[in-house]
Structure formats: C-alpha cells, structure tokens
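Visitor: Given next are the chains, with one letter for each unit.
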Amino acid sequence: MTVIQARDVSLTFQTADGPVHALKDVSLTIERGDFVSFIGPSGCGKTTFLRAIAALETPTAGTLEVAGMAPDQARRQRAYGYVFQAPGLYPWRTIAGNISLPLEIMGFSRADRAQRTQRVLDLVDLAGFGAKYPWQLSGGMQQRASIARALAFDADILLMDEPFGALDEIVRDRLNEALLDLWKKTGKTIGFVTHSIPEAVYLSTKIVVMSPRPGRITRIIDSPLPRDRPLEIRDTPEFIALAQQVREGLREGHGYD
Amino acid sequence: MTESAIPLGPGVLGRGFGRALPILTVLLAIVVIWYLAAVWMNAPWVRDQAARADAVLTASDLIRQTLTLERPVLPAPHQVAAGLWDGIAGQSITSKRSLVWHGWVTLSATLAGFAIGTVAGIGLAVGIVHNRAMDQSVMPWAVASQTVPILAIAPMVIVVFASMGVTGLLPKAIIAAWLSFFPVLVGMVKGFRTPDAMQLDLMHSWNASRAQQFWRLRLPSSLPYLFASLKVAIAAALVGTIVGELPAGATAGLGARLLSGSYYGQTVQIWSALFAAAILAAVLVMLIGALERLTLRRMGLAR
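Heads up: the protein sequence lines correspond to chains A and B, in order.
With UniProt numbering, the residue at position 38 of the first sequence is 38, and numbering never jumps.
With UniProt numbering, the residue at position 207 of the second sequence is 207, and numbering never jumps.
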C-alpha cells in the first residue's frame, strides 16, 4: 500500500539573491513499512523534501500525497511523528512530561497519556528514566526520548531529519541497531535523512540518492539486504557493494562545480 | 517530578563572605571620601560663624563642628545613620515622622504601580507577538512614552486625577506603572520569541493551537527574561512613585519627605529619606532575585 506519493514535486524559495530551486521534479513512491533513507550533500533538498512531506514546507509545483491526503491535511490528522537533529526537549519538563506533551496537545486523557508514555519509554529502552530531567540524560538518551515523543501518539509515519547527526559513532551504532529493532516491532514507515553512507545502507530498504543545484533524485536503490540485520552485516560483500553503488550515485550527481 | 533531587549551590555562606569582602572595601572607601567631603563642604560655614564670634578655630574644632552641624550642607555618614535609625526605630510607626510610615505609603503605591505595569507590559507583549498590526504599531509608542520626561508627566497625572476627585495611591501608581511597563514589555517580547524554529515546527507538526503554543512553549521559555525585566521594573516603579509624591504638595511618602526636607533645609532628613528609598529598592530587587532563583531552579532553567 502506498503511503507517500510524490509526482514531479518542485519547491522554489524566493530569496533576496533570486530564486533557489530546493527541489526539482522529484517523483517517489514510498510503500507502507518501508525504511527510506535520503542521502546527498548539503543543499540537495533532502531535508526540504522531508519537511514538504510533513507540511512544514509547501511545494510550488507537482503533487504530493501523504496517507492518501494532502500533506497539510495529513499533518492535521497527526499522520506522522517528526524527529529533528536536536532532541528539543523542554528543560522544565521531565522525560515523561516531554513525551506526554504532544499527547496533552492532542487531548488524550490522563490515564491514556500515562499508559502511552510508559509504553514508548519501554520501546526506546528508557524505562525508569521518566522522572528524570533532560539535563540528567546523555545526548543519546535525550535523542531516544525525542523518538519516544514522536512515537507516543501512534502515527504510522516516522520522519527523521539526521536524528543521530550530532552523536558520536559508538552511540550512533547502538541507536541504529535500536532503531531497526523499533521499526521491526512497530511496522512504521520511516523517512530518514542522513549524510552517512553506512548509516543509510545499514538501515534502509530503499536508498534515495540526491544531488544539489537544483535538488533532485539521481538514483533510487532498493536494498537486497534482509530485514533482519545484525551490525556485522556491514562486513558482508553485499553491504559493501551496496555502499559502493550509493557512493557512485553521489559522485554522479556532483558534476564539476 | 517526585524523586529528582535538585542540588543546592556549593557552600552559600563561605562564598557569601568571599563576595562580601570587595563590597565592604568599596563601602569603606565611600565612607572615608564622604567624611572628607563633609568636612570640606561644611567648613566655610563653620569658619564664617567662628569669624563672626571672633573665635579662634583649631583644626580639631573645625572638624568636630563640621560633622555635628544641625543643618549641614552635606551631613556626615553618622548623622544620616542616626537620622535613619531615628526615622525607622525611634518613632511610632503611625507617626508622620516615621520613615516606616512614609516608606509604607511609598511601597504600597510602588507595588500597585508595579503590578499594573507588569500586567500591561506582558499584555502588550502578548499582543505584539501574536498580532501583526500590534507588532508594527505598539513599539514606537511605547518608546515615545519613555522619552517624555516623567517629571513633566507626573504633575499632569496628579492634577488630572485630583480634578476627578482621585488622590492618594492611584495617581502615584499610574506614574509608577508608566515607568515600569516598558522594561517588562521589551523583555517579554524578546522572551516570547526565544523558542527557535525547530521548537515551533514541532508544535506545528502536532497541530498545536496558538494558545497551546503560548502556554506550553512561549510562556515557560520567556520566564528568565521576565525576571530580568521585573528587577528593572520594580526599581523604576519606586522612582516613579517618589516622583509622583513630589509635585502635589503631598504630605505622605518618601518623596514628600524629600520635598519637605528641602523646603526647610533639613539635609539630614533628605539624606535619610534618600537612603530609606535606596534600601527599599535594594530589598525589592533582592526579593525578585530570590523568587527568580527559586522558580528557575524548580524549572531546571537555572544557569
């Protein structure tokens, strides 16, 4: 079942230096349960595309459908959870308080909030940290809390904009594993922006390679890797060949500039 | 919320003494300079008196007399301290000579004006942040209101209210509010705008209403700015109240005490009232500081 459908989506920002073509004729289909990574150099429009899906930006041409609706309608129906690069937790709320914030806004009952908060805390392996304040947690734990916050209201789509970009490699590996585990348990459709090739290859069922000026898709690679992926899979020839393909795709798009 | 222990700062008392030393040194220097200035400024009058009486003045006579005059040009620190002590502790607090009574009159108008000013400042800031028309129109007027000398406005306010039969606390509170709303307005506009684009995007992704965005994000984020503004505002409110007490021929309040002191050349009284006002301001600012530390620590925002 198709969850996200983009046809010839273009997005142009009007700036003081003239128009900037952030996206040009981007077409993509994302099926239910896919894990799709967007990879490319900065300025290739990968974040802009994710934001367009979330209705945080509006395409200037083409059609974009999220869960069969216009993106803004999907946003109003809380079809997706969004995770930014920074955790963005409120320092004056506990971890549990932060996670129940979107639930309060959406009008869930107190009992329902408590139960859902507990469930997602378990899911991201933060059970027992609900009463802590953000500053009492490490950066990786804070980011897990922000993922829990995005999961709390049970949206089918999880959009993640370089969620582990600010973390060190060891923590990032662990969180990648945890994210795969979580994806398997929940069956969410995940859109994931990154500029790490190993991260994209390790996590995704579909890798979208993008290039800048104007932002466009140069390659869409369907991963042959099985859905069960231990960290060691990164040393297999299949993994390395896939990474090679992504690298080539990135080089193609780069041109001479 | 229940089990999180919030650590207190290290050794408050020990650090307090370390901080007090430089303050005490500066205070000592000021007192010394003040005594020298008192001798120097009061000396001409003492010499004059001695010349008229054909008396010979020794240096120690001169110094002793300059520091004990009844109406000195500049009273010595111990004279002011005695005047202050007499005004605070030496009078029944219902007496018109009691600085406690005058202080209360001033304080009540200050607090009323501070409350009005704070509410007005926050209200205008909310409007500016949420309404484009207000965003573009309010600030110039607010700035203009502060460029008009308060000394020119105060008598008009007093007279206008008096013509309507309103005297006492309210007109003074209005003048105090006039001065104190401005720092709150400027601080809160900045404070309400501290949440970054990501925080606002998150709220948007949850389809939060503007009210939810305000109560759950903008207001808590703005609290550090609020307290900084309130400290300026309460000091400004006190100044406004005292200025409001000057023109009306008022008989109550620290401002009236200053004015009557200057009418009758009672310099000790002027300086005592001045110091009473300074102490009052310091106490009020410290109270807000304590409230700030308590609130921000509880919110995990203490820096």
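Honestly, the hints are just simulated from the structure, not real lab data.
None of the values given here were measured: they were computed from a predicted structure.
There could be a bad hint or two in this list.
To be verified - Partial list, computed: chain B residues near chain A (C-beta under 8 Å):
| no. | residue |
| --- | --- |
| 1 | Asp201 |
| 2 | Leu202 |
| 3 | Ser205 |
| 4 | Ala208 |
| 5 | Arg216 |
What the hints assert, rightly or not - Beta-carbon label-pair distances, calculated as ranges:
| no. | chain 1 | residue 1 | chain 2 | residue 2 | range |
| --- | --- | --- | --- | --- | --- |
| 6 | B | Met286 | A | Gly139 | 30 to 40 Å |
| 7 | A | Asp25 | B | Thr194 | 36 to 46 Å |
| 8 | B | Leu301 | A | Ala166 | 14 to 24 Å |
| 9 | B | Gly18 | A | Gln77 | 56 to 66 Å |
| 10 | A | Gly165 | B | Ile33 | 52 to 62 Å |
| 11 | B | Leu301 | A | Ile240 | 46 to 56 Å |
| 12 | B | Asp196 | A | Thr58 | 15 to 25 Å |
| 13 | A | Asp125 | B | Leu200 | 28 to 38 Å |
| 14 | A | Gln77 | B | Ser108 | 51 to 61 Å |
| 15 | B | Asp196 | A | Asp8 | 46 to 56 Å |
| 16 | B | Ser209 | A | Pro237 | 49 to 59 Å |
| 17 | B | Leu21 | A | Met106 | 52 to 62 Å |
We treat Cβ as the ideally placed atom computed from N, Cα and C, and that holds for glycine.
Visitor: Are Asp196 of chain B and Asp8 of chain A spaced within 46 to 56 Å by their CB atoms?
Guide: 33 Å Cβ-Cβ, so the 46 to 56 Å window is violated.
Visitor: Against chain A, run the beta carbon of Arg216 of chain B and see if the smallest gap drops under 8 Å.
Guide: 7 Å, holds
Visitor: Could you check the hint for me, namely that Leu301 of chain B and Ile240 of chain A are 46 to 56 Å apart, CB to CB?
Guide: 48 Å, holds
Visitor: Holds or violated: the hint that Ala208 of chain B contacts chain A, with Cβ atoms closer than 8 Å.
Guide: 5 Å, holds
Visitor: Within 52 to 62 Å: is that where the Cβ-Cβ distance between Gly165 of chain A and Ile33 of chain B falls?
Guide: 59 Å, holds
Visitor: Is it true that Leu21 of chain B and Met106 of chain A lie within 52 to 62 Å of each other by Cβ?
Guide: 56 Å, holds
Visitor: At a threshold of 8 Å, is the proposed contact between Asp201 of chain B and chain A supported by beta-carbon distances?
Guide: 5 Å, holds
Visitor: Holds or violated: is the Cβ of Leu202 of chain B closer than 8 Å to a Cβ in chain A?
Guide: 6 Å, holds
Visitor: If you check the beta carbons of Ser209 of chain B and Pro237 of chain A, does the distance land in 49 to 59 Å?
Guide: For Ser209 of chain B and Pro237 of chain A the Cβ distance comes to about 54 Å; the hint holds.
Visitor: Given the hint of 36 to 46 Å, is the C-beta distance from Asp25 of chain A to Thr194 of chain B inside that range or not?
Guide: 39 Å, holds
Visitor: Are Ser205 of chain B and chain A close enough, Cβ to Cβ, to be under 8 Å, as the hint says?
Guide: 5 Å, holds
Visitor: Assuming the hint says 56 to 66 Å, is it satisfied by the Cβ distance from Gly18 of chain B to Gln77 of chain A or not?
Guide: 59 Å, holds
Violated hint for the displayed structure: number 15, the only one.
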